[in-house]
Structure formats: structure tokens, C-alpha cells
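The chain contents come next:
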Amino acid sequence: MPELTTTEKPVAAGAEVDYHDSREAVTVRLEKTRGFSRVLSPRELWLYRDLALQIALRDIVLRYRQTALGAAWAILQPVALMIVFALFFGRVAGVSSDGLPYALFALVALVPWSFFSSSLLLGSESLVLHTELVSKIYFPRIFMPMGVIAAGFVDLGISLVIMIAVVLIYGIVPGIGILMLPVLILMAAAAALGVAALLSAVNVRYRDVRYVVPFAVQMWLFITPIAYPSSLIGQPWRTLSAINPMVGVVEGFRWAVLNTSTVPWAQMGVSAVSAIALLLLGLAYFDRVERSFADVI
Amino acid sequence: MAAQTAIEAQGLSKEFRLGLSHQGYGTLRDSLVGGVKRVGSKLVGRGDQVEFDYLKALDDVSFKIENGEAVGLIGHNGAGKSTLLKLLSRIIEPSGGWADVTGRVGSLLEVGTGFHPELTGRENVFLNGAILGMRRAEIRSRFDEIVAFADVERFLDTPVKRYSSGMSVRLAFAVAAHLEPEILLVDEVLAVGDAAFQRKSLAKMGEVAKAGSTVIFVSHNLATIQALCRRGILLERGQVIADAPVQEAVDQYLRKLERAANDDLLTREDRHGWKETLVKRLYIQDLATGHEDVVIGGRPAKIVVEFTELLPMMECELTILNSLGHPITTLDSQLSSVADERDPELGTRIECEVPSLPLIPGRYRIDVNLKGRQEVQDLLQAATFFDVEPGVIDGRPMPAVGADGDTVFAQRWLLPPR
Numbered sequence: 464m465p466e467l468t469t470t471e472k473p474v475a476a477g478a479e480v481d482y483h484d485s486r487e488a489v490t491v492r493l494e495k496t497r498g499f500s501r502v503l504s505p506r507e508l509w510l511y512r513d514l515a516l517q518i519a520l521r522d523i524v525l526r527y528r529q530t531a532l533g534a535a536w537a538i539l540q541p542v543a544l545m546i547v548f549a550l551f552f553g554r555v556a557g558v559s560s561d562g563l564p565y566a567l568f569a570l571v572a573l574v575p576w577s578f579f580s581s582s583l584l585l586g587s588e589s590l591v592l593h594t595e596l597v598s599k600i601y602f603p604r605i606f607m608p609m610g611v612i613a614a615g616f617v618d619l620g621i622s623l624v625i626m627i628a629v630v631l632i633y634g635i636v637p638g639i640g641i642l643m644l645p646v647l648i649l650m651a652a653a654a655a656l657g658v659a660a661l662l663s664a665v666n667v668r669y670r671d672v673r674y675v676v677p678f679a680v681q682m683w684l685f686i687t688p689i690a691y692p693s694s695l696i697g698q699p700w701r702t703l704s705a706i707n708p709m710v711g712v713v714e715g716f717r718w719a720v721l722n723t724s725t726v727p728w729a730q731m732g733v734s735a736v737s738a739i740a741l742l743l744l745g746l747a748y749f750d751r752v753e754r755s756f757a758d759v760i
Numbered sequence: 007m008a009a010q011t012a013i014e015a016q017g018l019s020k021e022f023r024l025g026l027s028h029q030g031y032g033t034l035r036d037s038l039v040g041g042v043k044r045v046g047s048k049l050v051g052r053g054d055q056v057e058f059d060y061l062k063a064l065d066d067v068s069f070k071i072e073n074g075e076a077v078g079l080i081g082h083n084g085a086g087k088s089t090l091l092k093l094l095s096r097i098i099e100p101s102g103g104w105a106d107v108t109g110r111v112g113s114l115l116e117v118g119t120g121f122h123p124e125l126t127g128r129e130n131v132f133l134n135g136a137i138l139g140m141r142r143a144e145i146r147s148r149f150d151e152i153v154a155f156a157d158v159e160r161f162l163d164t165p166v167k168r169y170s171s172g173m174s175v176r177l178a179f180a181v182a183a184h185l186e187p188e189i190l191l192v193d194e195v196l197a198v199g200d201a202a203f204q205r206k207s208l209a210k211m212g213e214v215a216k217a218g219s220t221v222i223f224v225s226h227n228l229a230t231i232q233a234l235c236r237r238g239i240l241l242e243r244g245q246v247i248a249d250a251p252v253q254e255a256v257d258q259y260l261r262k263l264e265r266a267a268n269d270d271l272l273t274r275e276d277r278h279g280w281k282e283t284l285v286k287r288l289y290i291q292d293l294a295t296g297h298e299d300v301v302i303g304g305r306p307a308k309i310v311v312e313f314t315e316l317l318p319m320m321e322c323e324l325t326i327l328n329s330l331g332h333p334i335t336t337l338d339s340q341l342s343s344v345a346d347e348r349d350p351e352l353g354t355r356i357e358c359e360v361p362s363l364p365l366i367p368g369r370y371r372i373d374v375n376l377k378g379r380q381e382v383q384d385l386l387q388a389a390t391f392f393d394v395e396p397g398v399i400d401g402r403p404m405p406a407v408g409a410d411g412d413t414v415f416a417q418r419w420l421l422p423p424r
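From first to last, the protein sequence lines stand for chains E and L.
With this note's numbering as the guide, the letters of the first sequence map in order to residues 464 to 760.
With this note's numbering as the guide, the letters of the second sequence map in order to residues 7 to 424.
Please note that a few of the clues may not be correct.
Claimed, not checked - From the derived model, a few chain E residues whose C-beta atoms are all more than 12 Å from chain L: (1) Ala515; (2) Ala535; (3) Leu544; (4) Phe551; (5) Gly557; (6) Val617; (7) Ile621; (8) Gly638; (9) Ile639; (10) Gly640; (11) Ile641; (12) Leu746; (13) Ala757.
Stated by the list, open to error - Facing chain E, a subset of chain L residues (Cβ under 10 Å, in silico): (14) Glu14; (15) Glu99; (16) Thr108; (17) Leu138; (18) Glu159; (19) Leu162; (20) Pro165.
Worth flagging that the hints you see were computed from the coordinates, not collected in a lab.
From the three backbone atoms N, C-alpha and C, an ideal C-beta is built for every residue, glycine too.
Sequences and hints are given; from them, build the entire structure.
This is the structure in C-alpha cells:
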């Protein structure tokens, strides 16, 4: 029988290190931990990268399996909201849309919003929906809310394509600002992951989250300038309101896609900072309570 | 080859807080109220009253397991076996002490964890493999083997929800069996599937152990533990009370079980269920001699279960096991017959009559599962032990002690002339 040399296996420089060896080589000490430990450890996340991919794939595949309309749902939701908004806010209430066609004005804001809101709704349930995984298997639990966000990107991609098509049909050609879209999407994703991580972690202990989130998401929709332009708000509140990261994202989307004249730099800046802060806050909280998930779920 | 240590544990402890997390999910309100109460009692000056009971699931457990050892964990329900496996597989954190684990850990705490009913067999193999810690490339290279082992080739692209339960268990086990970890933690997974598949799984486990993996194995089936493991660790109330060659540990466990069966059953804590009613006493009686706990094979006997409270819809399941803990048969009142009787005069007892006890001489035990209000009320292992004395069945002598098998039944032979 060949000798087991698990700890020191010489690896040629540049050779691909076998995954197992990289995990074998270490002795893991299991003990009571305090403070921050796992989630923010890039090594741990890297070791389990294949699982992250599989969970994301699962979430993508499952989102529309056995639905009649499939991925069409990705665009149906924002479009349905757009129609309602256009009728009631645009037509009936006559809300200003900064001189743009109201439907377009709403749609461009609803696309990133749908990504954000569904990430929160599904992300906050991601752990408690898979109790059996959390209580029977070890893996970095952050992959659960991350998988939801990853699946959200697919929806977002589909609705972005359709949104751009609608914009072009209206005869508007996006300008150079469209290059900012990836940054804006990252901002929305960072904020979504931060909040979803926080909510999913709280949900493990307090199922109240289940009732709070749908309600909170609705409130959030109305404090975000989606049905109305943020130009309705006077300064300095207009800039301050961008502490809500979706303000910068939504106004940024309008500028980037609809080629509006004023660039909302201040709002985008404030929102970027706030999105990063939310992400760090959510991950930090998640990391602190992750160790007790299996005990209380 | 210098033996390396795979797992070393020192003073490992785990406490669970009873209360909140056990009474279903906590709500924010409970916790707010609890917080206010705590602050309140501090203000009033009642000091640090303990508000929660703590359950010590593991209490100062230390051991060292070398590479390639196969170790069986033995103990009652609630002795801490599963908690120990969960600690070693990093699912939960210890409250005290530490364990050093060297090598890739594969844990099979439940077959099919992470199987998603909406996903196809193929998709589930990849997801489950990743969950168990396999690389994508690794799964791909063993995919055909896995599928062949599970015998589900034709249904690979069918969602698992359309599988029979046998099929999904086979597929789940097949994925797990091809994991090839250095340390394998197994909890009772072999109790699934049909007999043939169980044998196949057992053989696979043996292979894994022989191939040099370290195996820690939890099972109630002592025969399986003895077949797979060289060393046994006996746990009781979260403490190691024996760490010895497997035969010795098993013997000690059996002696413990017998002693527990002799105790007043109401003092036993290793029970599960709603506990609105508890098994007070359980015995088997030879109907001819009237003797308790010693019966003669082939003669009529009855098993009597006495309990504390009468509930609606009472049912009872009795499992008879041989001296190695291998189940022989389950007598289940829910599989009712027209011969059964519901007697209002019976009081707080249930009786099960066996017209001719088909057991060969030896020592047996009975596990009981008492049900009421359509819930499991009291699940108690080793509620009693009894001896079967040699007897005759249908006029024919029984095989002697030590014969193969545990049962015998009436028979008639046709033979050529002498």
C-alpha cells in the first residue's frame, strides 16, 4: 500500500494544485469562535467555489421550472407594474416624469428595482427554505443568499435586453452613460446581498422576517423615486435621500439609458457608499451569527 | 508508516439552550419580552437568575483517532452521538474544548440531504456531489459509475420528485459512496433502502474503510458496527464511558441496556415523543406458565405494555431485536386485523398476544413506540429484555442456542424413505 503523505505533497511551480490536496494539507481546529471568522475568509469561499456555482445553478434552474411562462416572468413583473404606474401616476395623477414618456420613465426604474426586490424577497427565505441543508451539511452559508442574487442576474439580463429594445423603439439612443450600467448593477447587487444576508440570518432565529419583508419591500418601493422623479424633492434632501442605495441606482439608470441631460453624480456617489456600507454590515452580521444557524434553525 | 492523527478531540463540549429554540421558532416578541424581563429582574435586584435550562449534549469528550481507523459510536438515543458527528463535520460549533481534524471530511448524516425534488437526477448528482464536497471535475469523472451503482440510467433526466423513494435513496447513496473522503462520518444511513441495497451499501462502506479512510460510524445496529469497526466509543449523557475494542464496547453497552431495562422505566430519560403518556412497564409473559420475561419458544405468550395516561387513538409498535441489536420483526397494532379487540375495560395497558412464539432460544429485547392522538407519544428502546428457552414448534424441537438466524416456524417435510 502506498504511503499516505497527506501533509506535504511537493507541487511543481505553476502546476494546477489539486483541490483535495489543498484541503488535505490543513488541520482544521474546531472550537468555539468569537468575532469574525468564516464568511469573510476568502480561502474558505474559494475552497467551496464549486458548491457556490452549483447552488447558483440550482436557483437559476428552479426559478422558472414547471412554470408555463418560464423566463418571461423576468420581464412581465416590471412591465405589469409599469402599466399600472403609467395609468395611475402618469395619466390619472399626472406625476411629472422629467419630460420623458412616463411609461419609459417608469420601466427603466422598475427593471433594477425588480432585481432588487426579488433578491430581498427570495434571499431572506434562502436559509430557512433549506433547513435540511443547514442542519446536516457544513458549507459557507452565505452561498444561499448569494445564489439567489446570482439567479437574479439572469432575470436582470433578460429584462435589460427587453428594456433597451423598448427604449430604442421609443426613438431614444442611450449615450456614453450606458457604460455606467455595470457599476449601477453592481451597486444594486451589493445592496441586495447586504440586506438579503442580514434578513436571511435574522430569519433563521425570528420567522417574523417572513411577514416583515414583503411589507418593507413595498415601503421601499415608494421611498425610491420609481413612480416619481427625485427632482420633486428639494435639495439638500434630494442628495441625502440617496442614502437609500436604490435612489442612486434608479436615477443612474434613467440617466444612463434615457440619456437625460443632468448626471446624478451626487446621488450615485452617496448611493455607492451606502451600498458598500450595507454590504459590509450585512456580511458582518451574517458572519457573526452564522455559527449558530444549525443550533436554532 | 508513521500513523498520523486524523481527529484529536480535547474536552469537547456542547450545550443547547432549552426553551426558546425548542418550543418552535422564536419570535421577535418573545425575545423582546425576554430581554425586558432580564433587564427588569436586574433592576429589581434579583440578580442573574438562570432563565434557561441548558442541556449538555456533549460533556468533556476527549479521544484520538488515527488515520485509517474505523470507529463505531455507540449509545442510547440522546447520548450525544449525532451531536458529536455534527461537531466533527463543522455543522455546529462546540461550546467548549476543541477538535483538530486533518483531512477531507465527508459526512453522511442523512442520505439525500440537499436533493431537490424539482431537479432531475443528473442535476441532483452534481448539486449533491458539490454539497458533499466534491469538485465538479471529480463528479463528472465518476458520473457514470455513480449512475450505474444507483441503477437509474433511464431516469437521469426525470425530476427526482417522480422517483420512487427507493430510487432516490439509491441515487443519493451512490453519490455519497463515491465521495472518497479521508474521514467519513456516517449516521444511520444504512437503515434505508431494501435489503439488497443495504448489503451493497454496507460492502461499499467496508471498502471505504479498507481503502484507508478513517470512518466514524453511528448505528443502532450493533451487528453492523461490529462488522465495520475495530474500535467502539460508548457515549452516555454526553460523556465517553468506554473507548475500547468494539466487542468490549458493545458488551458494555448491552449490559447498560439490560440494567436500564431493569430500572423503573419512568426514570428513563432516553425517550422521545410527545410524552403525554409514558410507558410505565413492559413485559412478556408465557401464557402457559405465567412466567414473566422467560418464555418457552413455540408456546403462546403475550407482551404487555402499561402506560401512565389513556389517550384517544392509542396504538403500539413493538420491535423485537436479537442480542446484537438486529431487528427481527415489528408487531404493529396499526396493521389491524378483525381479530383485534378494543376493550373499554382494559385501562392503561395494551396487550399483544402471540399464539406461538417463533423465536429460537436466546436473549432478545423489545423496543416500544407508543402512539396516541395520532402522534408518537413515547419511543423507548430496550424497554425490556427476555430469554427464550428451548421449546417445540408444532411438535418439532427448535434449533439450539447459537443456530443461524433468530426465528423458526412450523414446517412439514417430504422425504424419501429411510
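Can we keep the L:Glu99 interface hint, with Cβ of chain E closer than 10 Å? holds (5 Å)
Verify that the Cβ of E:Leu746 lies farther than 12 Å from every Cβ atom of chain L, and report whether the claim holds or is violated. holds (19 Å)
Please verify that hint: L:Leu162, Cβ, nearest Cβ of chain E, below 10 Å or not. violated (15 Å)
Take a quick look at E:Leu544 and tell me if its Cβ sits farther than 12 Å from every Cβ on chain L, holds or violated. holds (27 Å)
So E:Ile639 supposedly isn't at the interface. Is its beta-carbon more than 12 Å from every beta-carbon in chain L? At about 40 Å from chain L, E:Ile639 clears the 12 Å cut-off, so the statement holds.
Could you check if L:Leu138 really has its C-beta closer than 10 Å to a C-beta on chain E? L:Leu138 check passes; min Cβ-Cβ to chain E is 7 Å, inside 10 Å.
Could you check that no beta carbon of chain L comes within 12 Å of the beta carbon of E:Phe551? Holds, since 34 Å exceeds 12 Å.
Would the least Cβ to Cβ distance between E:Gly638 and chain L come out above 12 Å? holds (41 Å)
So is E:Val617 really clear of chain L, every C-beta pair being over 12 Å apart? holds (16 Å)
Less than 10 Å between beta-carbons is the criterion; does L:Thr108 satisfy it with respect to chain E? holds (4 Å)
Least C-beta distance between E:Ile641 and chain L, which was stated to exceed 12 Å: Holds, because the least Cβ-Cβ distance between E:Ile641 and chain L comes to about 35 Å, which exceeds 12 Å.
Evaluate the condition: distance from the CB of E:Ile621 to the nearest CB of chain L exceeds 12 Å. holds (20 Å)
Checked against the numbered hints above, the structure violates hints 1, 13, 18 and 19; every other hint is satisfied.
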